[in-house]
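Asks: Under numbering that gives the first Met the number 0, the letters of the sequence shown match residues 0 to 150, in that order.
A couple of the hints might just be wrong.
[Unchecked claim] Listed next, the in silico DSS-like pairs over lysine-lysine satisfying Cα-Cα at most 27 angstroms (straight line):
| # | residue 1 | residue 2 |
| --- | --- | --- |
| 1 | Lys90 | Lys123 |
| 2 | Lys78 | Lys90 |
| 3 | Lys123 | Lys143 |
[Stated by the list, open to error] What follows is a set of in silico ranges between Cβ atoms, one per label pair, in the way DEER data are often shown:
| # | residue 1 | residue 2 | range |
| --- | --- | --- | --- |
| 4 | Phe10 | Ser32 | 15 to 21 angstroms |
| 5 | Glu71 | Glu29 | 20 to 26 angstroms |
| 6 | Asp104 | Glu77 | 35 to 41 angstroms |
| 7 | Ala11 | Ala98 | 25 to 31 angstroms |
Calculated directly from the structure, the hints in this document are not laboratory data. The C-beta atom is built at its ideal place from N, Cα and C for all residues, glycine as well.
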Amino acid sequence: MSQSHLNFESFAQDAHTYVNELADDLGHPEEKSRVLKIWRAVMHTVRDRIHLGESFQIMDPLPMIFKGIYVENWKYREKPPLNYTTLEEMKTQVKDLQARYGEEDFPWSKSTEEIIAITLASLKRFLKGNQLEEVINQMPKEIKEFLPLKV
0 MSQSHLNFES
10 FAQDAHTYVN
20 ELADDLGHPE
30 EKSRVLKIWR
40 AVMHTVRDRI
50 HLGESFQIMD
60 PLPMIFKGIY
70 VENWKYREKP
80 PLNYTTLEEM
90 KTQVKDLQAR
100 YGEEDFPWSK
110 STEEIIAITL
120 ASLKRFLKGN
130 QLEEVINQMP
140 KEIKEFLPLK
150 V
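Please model the complete structure; the sequences and the hints are all you need to start from.
Replies: Now the structure itself:
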């Protein structure tokens, strides 16, 4: 019983550490709740565009609580459900999910492109080798050209 409690505390601490770092990276260390909504919107947008195997590679090393957020409302499909082909379409999807997840109009100090890039770059804390590049390589050309410069 006490071992489960210790693990839960460890899971919570890992999640707090990550969200604090990402909040700092995004320039809003006081807005952890909004940062979680951003992470959720960006990662669900990516998750629903890439192949299942790549999603498992992203999810595997994440802090336990973020694994749960990543898989929230995820449905098995042979083919990814999203098929955006431009950065503008990706940004629209992220913004739509932000609104759906309860993000009000907030004056982020960074553009949506920067927020996407910073959020994806934050995965380098967990992903090994070229795993992030493998995910980016599944993106349409316009997005691949944008992200490597930022990630």
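Asks: Hints first: check each against the structure and report whether it holds.
Replies: Hints and how they fare:
no. : hint                               : result
1   : Lys90 - Lys123                     : holds, 21 angstroms
2   : Lys78 - Lys90                      : holds, 21 angstroms
3   : Lys123 - Lys143                    : holds, 17 angstroms
4   : Phe10 - Ser32: 15 to 21 angstroms  : holds, 18 angstroms
5   : Glu71 - Glu29: 20 to 26 angstroms  : holds, 25 angstroms
6   : Asp104 - Glu77: 35 to 41 angstroms : holds, 37 angstroms
7   : Ala11 - Ala98: 25 to 31 angstroms  : holds, 28 angstroms
The structure fails none of the hints (numbered hints given earlier).
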